[in-house]
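Chemist: Chain by chain, the residues run as shown.
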Amino acid sequence: MDITNLESMPGKKIVKHLGLVQGSSVRAKHAGRDLLSSIKNLFGGELTSYTELLQESREEAMDRMLQQAKSVEANAILNVRFSTSSITQGAAEIYVYGTAVQLEATE
Amino acid sequence: MSGGSFQLIYVIGLLIVAYLIGSYREKRHYQSIIKREHALNSLPAVNLKTAPKGHFQHELVMGNVTISVDYFKRFLALLHAFFGGPITSYETLLDRSRREALLRMKEMAKEKHAALVLNVKYETVSIFKGSGKSIGSVEVLAYGTALIPSSQAVASNVATTTQ
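First to last, the sequence lines map onto chains A and B.
Quick note on our numbering: the first sequence kicks off at 1080 and runs consecutively.
Quick note on our numbering: the second sequence kicks off at 6 and runs consecutively.
Please keep in mind that the hints were generated in silico from the structure rather than gathered at the bench.
Here the structure is a predicted model, which means the values were calculated and not measured.
Note that CB positions come from ideal geometry on N, CA and C, so glycine has one too.
Some clues are possibly wrong.
[Unchecked claim] Each computed DSS-like pair below joins lysine-lysine, with the alpha-carbon atoms no more than 25 Å apart: (1) B:Lys58 <-> A:Lys1092; (2) B:Lys117 <-> B:Lys58; (3) A:Lys1091 <-> B:Lys54; (4) A:Lys1149 <-> A:Lys1092; (5) B:Lys126 <-> A:Lys1091; (6) A:Lys1091 <-> B:Lys58.
[To be verified] Stretch by stretch, here's where chain B covers chain A in the computed footprint (C-beta under 8 Å, at least three residues): (7) 1081-1093; (8) 1132-1144; (9) 1156-1162.
Model the full assembly from the supplied sequences, consistent with the hints where possible.
Modeler: Quick look at the structure:
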């Protein structure tokens, strides 16, 4: 499966559009690490646990998008976009979406 | 009365400690950013959408970082917000986060032996809101499409399948 955030794939042409595919994931950190982060928050710097948290949930969201693309028999997802929104303190929603297509080599 | 003055000392003490640790960490972070930016200069990341001629394998690369601002700067920002004007203490926070996220994306692209990263996009969100309206920390994601020259792509595919 090819995933790209370009609108086309050089050397390949789109033979079929299969519509929008998407995946989302909402995650929160457990209270202990949240407490640690709030102490770190006083002194500034990177909050590693949040970086990891968001990375994990982004992977999960992408996984869900991939599954959806597979179910419509796509072989590529074009123009992928990420979007993040904070819902409450300590939790974030990650949303990934793109266009599922079937590509065919032109040469 | 003594309770009140104790609280004042506590807040001032916290501000001083936060200022010292916060500015030290920021300085160190900037040093590391500049050093790594220099090392990754050979790998351009652009927000153009058209790929150059040649055979490339396309792959999505991304880098993210969450950085928080220290207590002292948040206090400064509160004052700034009262009097208006640019809030310089948050400008460095966002600058650091964006540059760090881009660097991590470039590092991921470098691991895949990419020659170029196209269509780079940033996504910023404030995830840790402090008291009131003040922003505690921001998360920045940088993502783009890495173009990997075909011969390199074969090599890296072999490497990943044998692992």
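Chemist: Each hint needs a verdict: does it hold in this structure or not?
Modeler: Taking the hints in turn, this is what the structure says about them:
For the given pair, lysine 58 (chain B) sits about 16 Å from lysine 1092 (chain A) by alpha-carbon distance, which is consistent with the 25 Å threshold. A hinted pair counts as satisfied when its Cα atoms are at most 25 Å apart, and lysine 117 (chain B) with lysine 58 (chain B) qualifies at roughly 20 Å. Our distance criterion of 25 Å between C-alpha atoms is met by lysine 1091 (chain A) and lysine 54 (chain B), whose separation comes to about 16 Å. Annotation: proposed proximity of lysine 1149 (chain A) to lysine 1092 (chain A) holds, straight-line Cα distance about 19 Å (limit 25 Å).
Restraint check: the Cα-Cα separation between lysine 126 (chain B) and lysine 1091 (chain A) comes to about 24 Å, which is no more than 25 Å; the hinted pair holds. Among the hinted pairs, lysine 1091 (chain A) with lysine 58 (chain B) is consistent with the structure: their alpha-carbon atoms are about 13 Å apart, no more than 25 Å. Requiring three or more residues with a Cβ within less than 8 Å of a Cβ of chain B, the coverage given for the segment 1081-1093 of chain A holds, as 9 such residues are present. Interface restraint, the segment 1132-1144 of chain A with chain B: holds (3 residues with C-beta to C-beta distance below 8 Å; minimum three).
For the segment 1156-1162 of chain A, the proposed coverage by chain B is satisfied: 4 residues have a C-beta within less than 8 Å of a C-beta in that chain, meeting the threshold of three.
When each numbered hint is compared with the structure, no violation occurs for any of them.
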